[in-house]
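*Asks:* The lines below spell out each chain.
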Amino acid sequence: MSMTLSEVCELVGGELRGDGALVVERLAALDQADEGSLVFAFDPAAVVQAEASGAGSAVVRTGCQCALPHIVVPDVRKAQSVLLRAFQPPRPAPTGVHPTAVLGEGVVVGSDPSIAPYAVIGAGTVLGARVVIGAHTVIGERCAVGDDTILKPHVTLYDGVRVGARCTIDSGAVVGADGYGFTHDGGQHQLVPQIGGVVIEDECEIGANTCIDRATLGCTRIGAGTKIDNLVMVAHNVRTGRHCLLISQVGVAGSTTLGNGVVLAGQVGVADHLDIGDGVMVGAQSGVAKSAAPGQRLMGTPALPGIEFHRMMAALTRLPDMMREARRAEREARAAAGQESGG
Amino acid sequence: MSMTLSEVCELVGGELRGDGALVVERLAALDQADEGSLVFAFDPAAVVQAEASGAGSAVVRTGCQCALPHIVVPDVRKAQSVLLRAFQPPRPAPTGVHPTAVLGEGVVVGSDPSIAPYAVIGAGTVLGARVVIGAHTVIGERCAVGDDTILKPHVTLYDGVRVGARCTIDSGAVVGADGYGFTHDGGQHQLVPQIGGVVIEDECEIGANTCIDRATLGCTRIGAGTKIDNLVMVAHNVRTGRHCLLISQVGVAGSTTLGNGVVLAGQVGVADHLDIGDGVMVGAQSGVAKSAAPGQRLMGTPALPGIEFHRMMAALTRLPDMMREARRAEREARAAAGQESGG
Amino acid sequence: MSMTLSEVCELVGGELRGDGALVVERLAALDQADEGSLVFAFDPAAVVQAEASGAGSAVVRTGCQCALPHIVVPDVRKAQSVLLRAFQPPRPAPTGVHPTAVLGEGVVVGSDPSIAPYAVIGAGTVLGARVVIGAHTVIGERCAVGDDTILKPHVTLYDGVRVGARCTIDSGAVVGADGYGFTHDGGQHQLVPQIGGVVIEDECEIGANTCIDRATLGCTRIGAGTKIDNLVMVAHNVRTGRHCLLISQVGVAGSTTLGNGVVLAGQVGVADHLDIGDGVMVGAQSGVAKSAAPGQRLMGTPALPGIEFHRMMAALTRLPDMMREARRAEREARAAAGQESGG
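Residue numbers (this note's numbering), protein chains in the order written: chain A, 538 to 880; chain B, 538 to 880; chain C, 538 to 880.
Okay, chain A solo, but in the shape it has when bound (with noise of 0.2 Å):
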């Protein structure tokens, strides 16, 4: 993969400044840039290092000014981003299916599949045109994985999981294991069978080490679009709606709803049996207690929205400033009723 600066530069739509005959022939970063690497300095520091780095080519912010041959455009990141795409390797081709899978009665694979080392899928499963399985990847019985959908190594599905197209589930992930629910008696507590199901819809992104329990009758659902980080917590019968993000070590406890365009940020918790709105975004940490209102921004723990909880914690911040002086105060009052008493 290559292309000459001014391909480059016609592809982020920017204003070529120097040799447009140039070649590009990787993307770097500034501490790895060689002649033939163009690089993304993010605002004018980033410039100077630029120049430093050895790099043949920078991609520079409107209004910088740099003494390599560079493209200026008004948003570094979203040129990157388009560049990334342009330059990312080509999905390799497909490997087929390696002799030590292990394949269960009546699976059916589709066209072009890859199945790495030792991969296991279970009686009846279901796999799409396309599919990329991970070496040691562990499928269930009779589930389903959609066109284009590849499970990195180390993913497992228990029995029954259905995921959709073109979606990319990471190492360590676990879908489908037994929802977290007890029925509690004299002290002891007895595991409710989880007999539903998880469906992830197409277009999704599941994280590494991230767990998605089965739910215990229907199905739990992440949305199409939904993009979920590492080690995320997803319980029995909640459902995402469309293009959530749930951002690393997020926590949605049980039977909770999220609307579409959700946003929790890292380590957020959502409580059980609740209802969160389209387009709620949730600041990190935060702790969600209660149902929310479509479009609310919530911080804090027990959440609030932000207008609120930066009101509060500015309140909190001058409180002990407050409180001393109101002793003081209190002081100097009482110093002067002593005096007054025994003047």
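For the record, the hints were derived by calculation from the structure and aren't laboratory data. A portion of the hints provided could be inaccurate.
Identical chains blur together in the list; that is why a pair holds if it fits in one copy or across any two.
Stated by the list, open to error - With a straight-line Cα cutoff of 20 Å, these simulated EDC-like cross-link-like pairs (lysine to aspartate or glutamate) come out: (1) Lys827 / Asp812; (2) Lys615 / Asp809; (3) Lys615 / Asp722; (4) Lys615 / Asp696; (5) Lys615 / Asp580; (6) Lys615 / Glu552; (7) Lys615 / Asp815; (8) Lys827 / Asp649; (9) Lys827 / Asp571; (10) Lys827 / Asp556; (11) Lys827 / Asp722; (12) Lys615 / Asp739.
Take the given structure of chain A and dock chains B and C to it, following the hints.
*Replies:* Leaving out everything else, chains B and C in the frame of chain A:
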């Protein structure tokens, strides 16, 4: 598995309304029901959904009317648990030892085993009767696994771990990794060897991707009947009592002891070397920094008795208005003083 | 492994009380001791337990009396660390390459390897001398693993990950998954290809089920001697300095830089694109939202300097009483004013 509505009614101890000879073939969620399905309506709104669901019958709460043949019970959730147990699929027949499983020297396998493809079991390990070992599960040397215990695919037990009878360990759980103990010398950290073990007593559940570290000396111990959810961290030398509940993403630091029946809600952290009494319950996301007497209800970070926490949060919520009011009163007092002195 | 009590005494630099010829066969916890055992008593109560434990000898703190043959030291924990190192079992002899391991084209294996059953190593990967690769561990293509490094069972390294010498990576860790970077277009999210790498320098420990994502461009980097606990999330393009400690369930968001010797306690979250100075220590469950100067001690969410945090918490604790008092004073003032105006 199927039974008549009369049989279902007898099982849950409810009141039958409609045709007791109706055959119930399965339990279903409201959005997946057909004629052979029995559904559960937890509230009046759900009764309407049930009637429209296509289900053949329903379980409803005392006081609810329903157009379908139905059973009336005071506690729908309890009835659901009973029926989920009755309708759960029978445990599959033992599958024996798959030829690709690798068993070390001196491994003892009990009667009627199910050992799936690519399981690896270290030398000297002893497995009880009817044990189920999932695909790719790795068991170290000199481990013990009790009768009827199930290790799902991709579980890892390090050397010397002992798991009791009738336990379930979910995929991705790692039991017996070295505790996080270091000595610090001139800004560098050197691992303290962790030569103790882990004991999981009978009837425990260990969730997916949960980690239980081995002890420095002695044992990390999970008490009988304790249920641990997904992505939980149990550090070295922790001891839990019997019948504890540790909900998802909880972390318990080194050498802390939990009494019997302790409940830690989601994302709770408990500091090291603490003593948490029997029956203590800690609210979600709380951080426990001090030992707690039996029966306490704790909330917040640092965790306080629930009543103090709620009182503090109520005060905090009123704080911004109180401060604004105080500033207004001060301005008025100044203005009044100014008028007096200027008058 | 065994030594006399005199030899033990010399090793820890303590004072011997009793028979120096006594043979110490093992170190033990107080509840697992026998005649051949040496136990550790960290406080006077533990000395009583030690005497009743059946142990043959003990290490006790300066000033404690003990009826067993014993060694007196000023710091029992330090003595324990020294002895744990002395008594730890020797590293097992290399086991070679198991015939079920799958090695891709051009894999280079150093001298004296131990590669366990079902390990899968991608094309072009280079392993140093005396490397230990656990059962089922999957290493991608073009990776490098340094001398004497141990990857436990079920580790996953994606393509191009570089691990230094003398590291340990625990089970379930996932290194090199795609960073969580998306562009947002009309409410939809599209993955930004992550074509950078991960570098783990020498003498690092990476805990069980921890995730370290690959960089967008350049490298995510873990500095030499850094110890990362279980279930930690390190996002794309994060860089840690040397000798950092990241305790269980910590999350560090994208592009944040940690200096040398930074300590993040359990469940801490650090926001993206921050610069955390050398030696910064952050208390458990804190949320760091701003960059921090070297040496700061931070606590709370959002994190404050420890002294400010404690001052704020102290004020907050007094707040409910202060408010009640203020309301009482106001009522009295009103009552007094009413009497006056009515009088």
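*Asks:* Treating 20 Å as the Cα threshold, decide for Lys615 and Glu552: within, between, both or neither.
*Replies:* The answer is within: 15 Å in one copy meets 20 Å, while 64 Å across copies does not.
*Asks:* Up to 20 Å between alpha-carbons, please classify Lys615 paired with Asp815: within, between, both or neither.
*Replies:* Answer is neither: 26 Å inside a copy and 32 Å across each miss the 20 Å cutoff.
*Asks:* At most 20 Å between alpha carbons: which applies to Lys615 and Asp809, within, between, both or neither?
*Replies:* The answer is between: 18 Å across copies meets 20 Å, while 37 Å in one copy does not.
*Asks:* Quick one: Lys827 to Asp812, C-alpha cut-off 20 Å, is that within a copy, between copies, both, or neither?
*Replies:* within (8 Å within a copy, 32 Å between copies)
*Asks:* Between Lys827 and Asp571, at a C-alpha cutoff of 20 Å, which is it: within one copy, between copies, both, or neither?
*Replies:* neither (53 Å within a copy, 33 Å between copies)
*Asks:* Pop the pair Lys827 and Asp722 into one bin, within, between, both or neither, using alpha-carbon distances up to 20 Å.
*Replies:* neither (28 Å within a copy, 30 Å between copies)
*Asks:* For Lys615 and Asp696, with the copy left unspecified, which applies at a CA distance of at most 20 Å: within, between, both, or neither?
*Replies:* neither (41 Å within a copy, 26 Å between copies)
*Asks:* From the Cα coordinates, with 20 Å as the cut-off, is the pair Lys615 and Asp580 best called within, between, both, or neither?
*Replies:* Cα proximity of Lys615 and Asp580: one copy only (14 Å, versus 49 Å across).
*Asks:* Given identical chains, is Lys615 near Asp739, meaning Cα to Cα at most 20 Å, within a copy, between copies, both, or neither?
*Replies:* neither (25 Å within a copy, 35 Å between copies)
*Asks:* Within, between, both or neither: how does the pair Lys827, Asp556 come out at a Cα-Cα threshold of 20 Å?
*Replies:* Neither: 59 Å inside a copy, 41 Å across copies.
*Asks:* With identical chains treated as interchangeable, where does the CA-CA distance between Lys615 and Asp722 reach 20 Å or less: within a copy, between copies, both, or neither?
*Replies:* Classified as between: cross-chain Cα gap 11 Å, same-chain 57 Å, threshold 20 Å.
*Asks:* Can you give me the call for Lys827 and Asp649, within, between, both or neither, at a CA distance of at most 20 Å?
*Replies:* neither (47 Å within a copy, 49 Å between copies)
Of the hints listed earlier, those the structure fails to meet are numbers 4, 7, 8, 9, 10, 11 and 12, in rising order.
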